[in-house]
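Trainee: As a plain string of letters, each chain reads:
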Amino acid sequence: MGQVTRRALLARAGAGAGAVALLGVSAAPALAAPGEGDLSNVRLVCSTKRLMINWYTAWLDEPKAAGPAETQQLVRNIRKQEQAHYALLAPLLGATAPVDDDFEFTFPPGALRTPATAAKFALALEYLATGIAVGAAARVVDGDTAGSLTSVVACEGQHLGALSALGGGSPVPTDLPAGLDIVDASNQLAPFLSN
Amino acid sequence: MNRLTTMRRSLAALLLALALLTALTTTATAKGTRAAAQMNVFAAASLTEAFPKFDGGQKYNFAGSDALAAQIRLGAPADIFAAASPDSPQALYKAGLVEQPVTFATNKLVLAVPTANPANITSIYDLERPGVKLDIGTPTVPIGAYTRQVLGYLGITNAVMPQVVSQEKDVKAIAAKVALGTADAGFMYVTDARAVSTQVKLIPVPAWAQPPVRYQIAIVTNTANHADAAAFIKRLTSTAGRKLLVDNGFGVPKLPKPKKAKKK
Numbered sequence: 023m024g025q026v027t028r029r030a031l032l033a034r035a036g037a038g039a040g041a042v043a044l045l046g047v048s049a050a051p052a053l054a055a056p057g058e059g060d061l062s063n064v065r066l067v068c069s070t071k072r073l074m075i076n077w078y079t080a081w082l083d084e085p086k087a088a089g090p091a092e093t094q095q096l097v098r099n100i101r102k103q104e105q106a107h108y109a110l111l112a113p114l115l116g117a118t119a120p121v122d123d124d125f126e127f128t129f130p131p132g133a134l135r136t137p138a139t140a141a142k143f144a145l146a147l148e149y150l151a152t153g154i155a156v157g158a159a160a161r162v163v164d165g166d167t168a169g170s171l172t173s174v175v176a177c178e179g180q181h182l183g184a185l186s187a188l189g190g191g192s193p194v195p196t197d198l199p200a201g202l203d204i205v206d207a208s209n210q211l212a213p214f215l216s217n
Numbered sequence: 419m420n421r422l423t424t425m426r427r428s429l430a431a432l433l434l435a436l437a438l439l440t441a442l443t444t445t446a447t448a449k450g451t452r453a454a455a456q457m458n459v460f461a462a463a464s465l466t467e468a469f470p471k472f473d474g475g476q477k478y479n480f481a482g483s484d485a486l487a488a489q490i491r492l493g494a495p496a497d498i499f500a501a502a503s504p505d506s507p508q509a510l511y512k513a514g515l516v517e518q519p520v521t522f523a524t525n526k527l528v529l530a531v532p533t534a535n536p537a538n539i540t541s542i543y544d545l546e547r548p549g550v551k552l553d554i555g556t557p558t559v560p561i562g563a564y565t566r567q568v569l570g571y572l573g574i575t576n577a578v579m580p581q582v583v584s585q586e587k588d589v590k591a592i593a594a595k596v597a598l599g600t601a602d603a604g605f606m607y608v609t610d611a612r613a614v615s616t617q618v619k620l621i622p623v624p625a626w627a628q629p630p631v632r633y634q635i636a637i638v639t640n641t642a643n644h645a646d647a648a649a650f651i652k653r654l655t656s657t658a659g660r661k662l663l664v665d666n667g668f669g670v671p672k673l674p675k676p677k678k679a680k681k682k
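Residue numbers (my numbering), protein chains in the order written: chain A, 23 to 217; chain B, 419 to 682.
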């Protein structure tokens, strides 16, 4: 892994936390040196963030699915949060942080057929991303890393509410998203994320 | 007399025509069908199946990329160097021993277990179980370096490294040992697993834990066959070359996206 100085890490984590704070949530800057197990969970979440960012970009780029202006703005806001999460966590991984070139992103045929199909798939994908983030937050040992992941989970909850409402459901879904263990998370990501 | 003269003239004309034809043929052979010199291609062991299919006319030296780089440093007569990671080609480039390397292929790591799977391994995390016999590459060979990256990315280095019973100098040795059942499991490239596909079962490495495996190729600076070496690399990176690599299980680097026309 590339060496990241503490000063650089502080600056990057601060910038990432600032971006999240601007979006209305608090974030604990990741200052400590998390261990290999913690970084593995961070890598899993960062990779998931690349998937989410690419999904929302695909949604906005598809005229048949983009929907009215207010829907597009909502999707842009969610994508902005996903980008902020990545910016918050990726510096912990240094030069080996996952980037788009590492992956092939695959979305189901028909997911971008209409605004409704896009919203439905986005909600399913957000449940997966939430399960992954909850599982990661529960597994990490380092307190600062756990704080950062918990901030991410809070935002994922906002996404679930917004997308549920967009699909005609309640903005406050009643189900409790369960954390995914790392094997389930990998298996459930596999259809959408490959190399 | 006249008849004899005519015959002599005809014979002379025929000989002249033959001489001209021979001269023309010789010139055409020299210019148009010059046989390319057979080159010494030093290539990563994982290219053992693919490269001879791509060009069967070269002399290949397949081994671990680090060993090949060491041979080139010692002056081994190589024309082309193809490695399973950018590390060795970039180091040789910095030393002035090869020209600018180019990425021509990608690959993925898998965990392979013998078909009988005596250790009952169904997930990479099963490698943490005490008693599992794992075979990996040495730290300096690309497959060994990539494997250590995977274990780190998965957060299981400390639990899994004590299970390593053997470290190999190239990926073919790992594939052979797993196929024979000498080891319970081994990390290899997906392309090498294809070569022993009837003797092993594969367990995928999650996409998020895959290191970027990039193959690089370069012309050796002191080659006497520069034009042929450049042509080899040009063909390898052409559409046909990329297709052959994909047909043999490799990935290929993404081509740059065409720029969108700006709206006026």
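Treat the hints as calculated values from the structure; they're not laboratory data. Treat the hints with caution; some may be incorrect.
To be verified - Computed cross-link-like contacts, EDC-like style, restricted to lysine to aspartate or glutamate with a CA-CA straight-line distance of at most 20 Å:
hint, chain 1, residue 1, chain 2, residue 2
1, B, K672, A, D166
2, B, K675, A, D83
3, B, K675, A, D122
4, B, K672, A, D197
5, B, K652, B, D665
As the structure is a prediction and not an experimental result, all values here were calculated from the model.
Trainee: Taking the hints in turn, state whether each one holds.
Mentor: Tested hints:
no., hint, verdict
1, B:K672 / A:D166, "37 Å, violated"
2, B:K675 / A:D83, "16 Å, holds"
3, B:K675 / A:D122, "14 Å, holds"
4, B:K672 / A:D197, "41 Å, violated"
5, B:K652 / B:D665, "18 Å, holds"
Comparing the model with each numbered hint stated earlier shows that hints 1 and 4 do not hold.
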